[in-house]
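Just need the whole structure built from these sequences, with the hints factored in.
So the protein lines, in turn, are chains A, B, C, D, E and F.
Counting with UniProt numbering, you get residues 1 to 415 for the letters of the first sequence.
Counting with UniProt numbering, you get residues 1 to 415 for the letters of the second sequence.
Counting with UniProt numbering, you get residues 1 to 415 for the letters of the third sequence.
Counting with UniProt numbering, you get residues 1 to 116 for the letters of the fourth sequence.
Counting with UniProt numbering, you get residues 1 to 116 for the letters of the fifth sequence.
Counting with UniProt numbering, you get residues 1 to 116 for the letters of the sixth sequence.
Calculated from the structure, these hints are not laboratory results.
Among these hints, one or two may not hold up.
[Stated by the list, open to error] Listed next, with one range per pair, are the computed distances between beta-carbon atoms:
{"#": "1", "chain 1": "F", "residue 1": "113", "chain 2": "E", "residue 2": "106", "range": "33 to 39 Å"}
{"#": "2", "chain 1": "B", "residue 1": "256", "chain 2": "A", "residue 2": "187", "range": "43 to 49 Å"}
{"#": "3", "chain 1": "E", "residue 1": "3", "chain 2": "D", "residue 2": "98", "range": "17 to 23 Å"}
{"#": "4", "chain 1": "A", "residue 1": "184", "chain 2": "E", "residue 2": "87", "range": "48 to 54 Å"}
[What the hints assert, rightly or not] Subject to a maximum C-alpha distance of 27 Å in a straight line, what follows is the list of computed DSSO-like cross-link-like pairs (lysine-lysine):
{"#": "5", "chain 1": "A", "residue 1": "309", "chain 2": "A", "residue 2": "256"}
{"#": "6", "chain 1": "D", "residue 1": "4", "chain 2": "F", "residue 2": "7"}
{"#": "7", "chain 1": "B", "residue 1": "311", "chain 2": "B", "residue 2": "190"}
{"#": "8", "chain 1": "A", "residue 1": "374", "chain 2": "A", "residue 2": "182"}
{"#": "9", "chain 1": "D", "residue 1": "56", "chain 2": "C", "residue 2": "259"}
{"#": "10", "chain 1": "D", "residue 1": "56", "chain 2": "C", "residue 2": "309"}
From a predicted model like this one, the values you see are computed outputs, not experimental measurements.
Cβ coordinates follow ideal geometry from the N, Cα and C atoms, glycine included.
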Amino acid sequence: MDLAISIDTIWVLFGATLVFFMQAGFAMVETGFTRSKNVGNIIMKNLMDFSIGSLIFWAVGFSIMYGESIGGFIGKADFFVRGSYDFGIPTAAFLIFQTVFAATAATIVSGAMAERTKFITYCIFSFVISLVIYPIAGHWIWGGGFLSELGFIDFAGSTAVHSVGGWAALVGAMILGPRIGKYGKDGKSKVIPGHSITLGALGVFILWFGWFGFNPGSQLEAAGLENATAISNIFVTTNLSAAAGAVIAMVYTWIKYGKPDVSMTLNGALAGLVGVTAGCAVVSPTGAALIGTITGLVVVASIEFFDHKLKIDDPVGAISVHGICGAIGTLLVGVFALEGGLFYGGGFTQLGIQAIGVLTVAVWTIGTSFILFKVLDKTIGLRVTAEEELEGLDLHEHGIEGYADFQMKTTTIVE
Amino acid sequence: MDLAISIDTIWVLFGATLVFFMQAGFAMVETGFTRSKNVGNIIMKNLMDFSIGSLIFWAVGFSIMYGESIGGFIGKADFFVRGSYDFGIPTAAFLIFQTVFAATAATIVSGAMAERTKFITYCIFSFVISLVIYPIAGHWIWGGGFLSELGFIDFAGSTAVHSVGGWAALVGAMILGPRIGKYGKDGKSKVIPGHSITLGALGVFILWFGWFGFNPGSQLEAAGLENATAISNIFVTTNLSAAAGAVIAMVYTWIKYGKPDVSMTLNGALAGLVGVTAGCAVVSPTGAALIGTITGLVVVASIEFFDHKLKIDDPVGAISVHGICGAIGTLLVGVFALEGGLFYGGGFTQLGIQAIGVLTVAVWTIGTSFILFKVLDKTIGLRVTAEEELEGLDLHEHGIEGYADFQMKTTTIVE
Amino acid sequence: MDLAISIDTIWVLFGATLVFFMQAGFAMVETGFTRSKNVGNIIMKNLMDFSIGSLIFWAVGFSIMYGESIGGFIGKADFFVRGSYDFGIPTAAFLIFQTVFAATAATIVSGAMAERTKFITYCIFSFVISLVIYPIAGHWIWGGGFLSELGFIDFAGSTAVHSVGGWAALVGAMILGPRIGKYGKDGKSKVIPGHSITLGALGVFILWFGWFGFNPGSQLEAAGLENATAISNIFVTTNLSAAAGAVIAMVYTWIKYGKPDVSMTLNGALAGLVGVTAGCAVVSPTGAALIGTITGLVVVASIEFFDHKLKIDDPVGAISVHGICGAIGTLLVGVFALEGGLFYGGGFTQLGIQAIGVLTVAVWTIGTSFILFKVLDKTIGLRVTAEEELEGLDLHEHGIEGYADFQMKTTTIVE
Amino acid sequence: MSEKISKIEIVIKGSKFEELKDALNEIGITGMTVTQVLGCGMQKGKTEFYRGTEYKIDLLPKVKVEVVVSSVPVDDVVRVAQEVVGTEVGSGKIFVYDVSEVIRLRTGERGSAALS
Amino acid sequence: MSEKISKIEIVIKGSKFEELKDALNEIGITGMTVTQVLGCGMQKGKTEFYRGTEYKIDLLPKVKVEVVVSSVPVDDVVRVAQEVVGTEVGSGKIFVYDVSEVIRLRTGERGSAALS
Amino acid sequence: MSEKISKIEIVIKGSKFEELKDALNEIGITGMTVTQVLGCGMQKGKTEFYRGTEYKIDLLPKVKVEVVVSSVPVDDVVRVAQEVVGTEVGSGKIFVYDVSEVIRLRTGERGSAALS
Ligand SMILES: Nc1ncnc2c1ncn2[C@@H]1O[C@H](COP(=O)(O)OP(=O)(O)O)[C@@H](O)[C@H]1O
Ligand SMILES: Nc1ncnc2c1ncn2[C@@H]1O[C@H](COP(=O)(O)OP(=O)(O)O)[C@@H](O)[C@H]1O
Ligand SMILES: Nc1ncnc2c1ncn2[C@@H]1O[C@H](COP(=O)(O)OP(=O)(O)O)[C@@H](O)[C@H]1O
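Encoded structure:
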């Protein structure tokens with residue numbers, strides 16, 4: 001009996017299960033850090049990201065990503081995964097693992113576009129990202145495309161998943177414009193506090209939990225001492241980077257604003273997780289802690305930059321956490337990789353390759369989502385009306401109240 | 001060293017752990033979709049379903065289900081599982097897996113009976129369902145009883161677990177009568193909105209997550225290529241059915257009511273999960289997606305039917321999600337089973353067997369719960385007083401407020 | 001290929017993942033059962049317990065616990081775990097498993113000290129407990145120290161983890177003093193209700209779920225029939241004890257106060273879990289159910305005793321659940337252990353050894369935390385000002401509101 | 001402003017609110033402002049236990065309905081409210097105040113014109 | 001107490017509150033008490049579906065701003081409020097009441113002195 | 001209705017409420033209606049940071065206690081309230097209004113009889 005394949009399969013399915021649960025984490029983070037009048041809408045977007053994504057990735061996306069490479073650019077279409085593949089584990093196991101990853105990329109976007117995007121438009125966007133945008137970039141990196149040929153290292157997807165989500169989020173949030181009331185007449189950024197710190201925090205814990213499937217699961221094997229050691233190391237690097245990200249974000253906000261900021265600290269943990277995702281299998285624990293430290297600092301600065309300087313309204317910090325820290329983390333592989341990293345005497349070669357990968361994917365994602373969002377904007381419209389936004393998307397898009405029994409405050413934008 | 005048994009055991013324990021967590025999912029769904037004045041009571045019912053259920057299923061229920069069959073109807077009692085069994089895995093692993101399943105059946109009921117049932121009476125009911133109602137039906141299907149002899153296919157329990165819970169829920173909700181204010185003087189159904197869409201949605205994500213233990217875990221083995229392939233396939237079928245259920249429920253409510261309904265869409269995902277549970281191991285991904293589509297439609301129609309036509313008040317839709325979709329899903333095995341299914345040239349034989357199974361279990365469960373609830377109603381009483389119901393079960397049954405710091409609205413029934 | 005090590009590693013990593021998630025459970029329990037004005041602060045404490053703990057335990061704590069024993073008292077320091085160890089599984093797997101355990105001990109404390117402790121001071125405390133207090137006691141019990149030499153049985157850490165957390169919580173809560181308003185002018189205890197029963201209950205379900213990693217994971221092996229049987233048995237004992245704890249706490253409060261108390265019943269489940277942790281691998285299912293019954297009763301009595309008699313204000317019952325029930329559970333190993341237990345003809349020897357272990361660890365933890373808290377109190381101060389406490393730590397320590405959209409009640413202390 | 005304008009403040013149990021609203025509608029009152037309040041009065045609170053500690057709930061959730069009226073006689077409002085709320089202790093109270101001016105913001109109408 | 005003291009009660013949509021507060025500040029009003037309320041009036045509610053059942057939302061969330069003034073003429077308040085709220089149905093109303101006494105608790109000051 | 005009936009509106013910090021309630025009980029006031037409000041006045045708000053952006057909290061949570069009294073002199077209420085609340089800025093205010101009628105719904109009693 002072939003037990004090695006069983007061990008590998010169990011491992012990948014364990015990973016897939018945890019990564020699936022990240023959907024709950026995203027849903028809680030995104031609702032917790034936005035206003036109560038839009039929670040139902042955000043839930044629906046997350047649910048549809050995953051549901052539509054699961055169906056379309058199975059129907060088409062998967063083969064575009066992992067089908068036989070056409071010129072290193074795109075996989076050959078094989079609708080409904082009917083062909084035969086050899087991924088070392090049963091194709092179905094590989095498919096489900098890839099499905100939950102694809103859905104993660106899509107879900108990232110909803111956070112940055114929260115509280116003002118038309119639901120139907122969002123569903124279409126979500127459909128397209130799972131259909132082509134994500135799978136094609138994924139093909140380059142993991143599907144045998146030109147970036148993998150080049151030696152680009154993105155072990156579990158700082159770029160393939162998080163940056164893709166983050167760049168699409170950037171384009172979406174930019175084209176949408178800020179929420180009403182987010183910037184004063186003088187252009188000064190105002191605070192629109194999230195409605196539940198507890199749910200937001202629960203979401204972060206769930207995401208961290210899910211990351212123990214995301215990163216170690218990406219090893220795709222667990223049989224044999226080497227794999228056992230690898231997945232164990234990935235647990236340690238993943239965890240240390242997250243911990244360092246949280247601690248440094250706390251310290252930094254404490255110094256800068258006088259008090260340790262709760263939601264930034266939570267973002268710091270996520271930044272560490274996103275950052276270490278590319279290199280979790282090739283860096284040392286110390287390298288991981290440094291990656292977490294760097295991304296934990298970057299995320300705070302980046303959130304401020306987008307908010308105060310670029311005036312791009314990203315309610316949950318998705319652009320910074322996933323886009324920026326995903327890119328930084330991928331670059332840092334070129335610095336901290338035990339083999340080939342700048343700090344370990346590997347010179348600039350790997351770093352250069354990493355930069356190429358980060359760039360190409362950024363250009364691709366920004367370009368395609370720009371076109372997509374612009375077309376959607378001009379045709380069915382991207383944004384709800386001012387009245388709908390003010391009264392809440394739950395009421396207007398879905399006819400419900402998220403918290404029917406609670407007396408809500410109707411004014412939550414603060415000077 | 002026998003590693004195959006380790007792999008199988010790990011797999012089953014992994015499944016059991018996830019299925020246990022479904023209790024949290026049920027608790028969140030049931031509290032989220034009901035009113036804030038009853039959350040403590042619902043929590044207690046869920047906790048007791050699992051706690052009393054765990055003890056009594058160990059003490060008695062397990063052996064009634066899996067003990068040596070007495071005429072195909074009931075297992076021989078073996079108190080506290082002291083006998084020796086051979087399930088391929090350690091008996092304790094099998095016991096815990098079966099325990100969490102048994103508790104699931106019980107928990108389903110509390111949703112339909114929420115907000116008006118006397119706590120003591122509910123505890124007694126919960127005790128009896130785990131003691132005999134569930135184990136005996138379970139014996140027929142999985143314990144070597146007459147339905148398994150017949151070739152009835154209910155792989156992970158659309159009927160054995162969900163329909164049993166759903167039918168008992170039906171009887172309970174019917175005998176209890178609707179919540180005060182649910183139907184106007186003219187008999188028209190009114191809306192009693194749930195108090196937290198976020199917690200309700202979190203519950204659904206937790207349940208979906210748990211289902212990756214429920215269905216693939218039911219394979220009970222993971223060692224060897226065949227098992228590895230089987231559990232992988234089950235992941236895919238389970239996920240596709242849920243995704244299809246959510247999407248179709250959304251589309252359907254969108255068309256019918258003009259807006260995509262959040263809680264119905266969440267129910268659609270659950271309907272897909274319940275529906276595919278019976279056949280997840282024997283249908284193709286396409287079959288699974290179709291099962292999800294069908295149950296996703298059925299669940300919406302069924303919820304309306306029970307609410308508007310039969311005027312049976314089921315606050316969370318448990319009867320439709322678990323009872324009706326469990327039955328439909330079981331029947332659809334006769335249609336979509338790759339071997340023996342109607343659509344795959346198998347004729348009507350399997351479908352007939354499936355119908356017999358669905359029916360027998362329905363009759364058994366409805367009959368026994370009817371007697372049980374009626375006896376309880378006539379003796380200690382099934383329902384709290386009107387005053388208790390109006391002021392909330394939390395205050396009257398448990399002396400607490402669920403949300404002591406929040407200013408609640410005291411009027412949430414809407415015309 | 002060495003598959004046994006893969007199986008063991010997967011098992012330990014599965015355990016570590018679940019135990020990590022207990023952080024979310026603690027966060028929900030501790031916020032749910034305290035007031036809404038302090039939720040951000042509690043979240044931060046939990047996050048920092050884990051983040052600071054992860055870093056410092058890796059940097060120093062781990063080697064103090066598992067380094068070569070110096071006189072049975074302390075391990076030899078090996079900063080950043082650079083040495084080579086043989087734990088049967090990859091060192092990284094062992095490290096992450098131990099890390100999540102260490103963080104659990106720290107997190108327990110925050111509950112008892114909630115709603116009034118200065119954040120900076122708490123961070124320092126958390127740092128020190130993960131640096132030395134926990135690792136040294138851990139060394140005695142699990143790291144080859146004198147208690148393990150003696151034959152002290154604490155399989156998964158009723159004493160090593162829970163009591164250590166509980167005793168430190170006791171000292172902290174005592175030195176801090178009660179929350180303003182907790183005791184009337186006549187010294188009578190007043191009620192300060194928790195702000196969310198649903199989140200509190202969700203937390204308990206998450207902890208129970210996590211315990212299926214905590215206890216069975218502590219086997220550290222799963223390969224081979226013997227290990228497979230052992231981990232299966234531990235699932236059953238763990239679950240039965242929790243179930244019995246919940247049921248008995250419910251019955252007891254029902255009889256004593258006239259109504260079944262929700263939060264006490266939830267505490268009862270936790271008491272059962274803590275209690276069985278020491279002996280889960282060496283007692284029978286019946287023994288486990290009895291341990292749950294005993295600790296379920298003890299926890300209620302103990303909470304009352306600390307609250308009414310000692311007037312030590314422990315908002316979530318951490319001292320009783322973890323300290324007292326951890327100790328009782330450890331002692332009960334001497335009674336219920338199938339080999340060596342008093343009830344199984346083993347005489348008083350094991351019970352005596354258990355008592356020595358419980359006592360030494362209590363003295364050590366109480367002593368060191370007393371010194372630590374006193375020093376912190378005299379230097380930077382342990383407690384926030386009265387104004388900060390009244391207006392809430394979220395506002396004063398972090399500048400935020402936990403629930404910005406909700407209209408809160410400003411008076412929740414009830415006579 | 002010739003006619004007298006009054007504010008009628010009705011404090012009742014939340015569970016009676018729907019019925020009261022319907023009854024008010026029937027006598028021609030369509031404008032109202034509703035506030036969630038906590039009240040104590042003759043109605044006794046309850047003694048409960050939370051985690052083993054006794055406590056008294058004496059502030060009970062109530063709904064305060066404010067109706068500003070001119071043409072509708074105050075006594076009509078009192079009558080329909082009485083019909084709705086029942087006769088147990090804690091059923092509620094009505095307080096009546098004089099209003100010196102009413103303005104509808106969007107039109108600037110004043111007095112009873114602002115109410116119709 | 002020589003000068004007349006009035007309470008001005010402004011019921012508006014929550015989304016207009018920030019602007020109103022700023023406008024009131026500009027005419028010298030810094031003290032106010034704000035309550036979350038539900039209101040119905042001329043503004044029509046909506047008909048929605050929840051789980052397939054039709055329902056009407058007729059109580060809409062509003063904010064009630066209470067300002068007690070003496071020196072500031074009531075008409076100024078009315079004016080700035082009108083400027084802020086716009087002219088759709090449901091924009092809101094102002095109710096004015098006489099206040100017979102004001103006391104600042106920490107000083108014991110009474111009348112308009114208690115307001116400044 | 002011969003005797004004058006007044007409504008006394010007390011706006012204070014939530015943390016003082018329990019004490020105020022006890023003090024009012026001691027002077028014979030057992031009926032009251034309590035509302036959660038937000039207030040601003042002399043008391044300065046705070047400037048905080050949320051996710052790196054500065055903001056001012058100027059609406060602070062307060063409790064509004066409404067007591068309708070006839071026999072109890074208003075000044076007694078003012079006195080006990082003053083004793084309870086302390087003397088920092090933001091301690092709170094009392095507003096007094098005339099009440100033109102009180103009705104206890106369950107009995108139909110009017111005037112001060114409805115209050116006792
Ligand atoms: N003197 C009062 N001042 C203000 N509100 C009062 C007063 N007395 C009663 N209320 C309000 O009216 C509600 C009902 O009063 P209560 O005396 O309990 O019932 P009843 O009037 O039916 O005897 C109280 O909960 C409180 O909100
Ligand atoms: N007669 C009334 N008594 C008390 N409050 C009222 C009355 N009429 C209106 N209101 C309050 O004023 C709000 C706005 O009133 P509405 O009639 O909808 O708008 P408008 O005055 O612009 O026509 C309502 O939601 C309600 O809170
Ligand atoms: N002019 C006013 N109109 C209405 N409410 C007021 C007014 N001034 C103060 N308040 C209320 O009284 C509370 C306390 O007032 P504040 O001026 O801060 O304190 P103090 O009266 O002690 O100086 C405020 O928060 C507000 O709710």
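Hint by hint, here is what the structure shows:
no.: 1; hint: F:113 to E:106: 33 to 39 Å; verdict: holds (36 Å)
no.: 2; hint: B:256 to A:187: 43 to 49 Å; verdict: holds (45 Å)
no.: 3; hint: E:3 to D:98: 17 to 23 Å; verdict: holds (19 Å)
no.: 4; hint: A:184 to E:87: 48 to 54 Å; verdict: violated (24 Å)
no.: 5; hint: A:309 to A:256; verdict: holds (17 Å)
no.: 6; hint: D:4 to F:7; verdict: holds (20 Å)
no.: 7; hint: B:311 to B:190; verdict: holds (11 Å)
no.: 8; hint: A:374 to A:182; verdict: holds (22 Å)
no.: 9; hint: D:56 to C:259; verdict: holds (15 Å)
no.: 10; hint: D:56 to C:309; verdict: holds (21 Å)
Consistency with the previously given hints fails for number 4 only.
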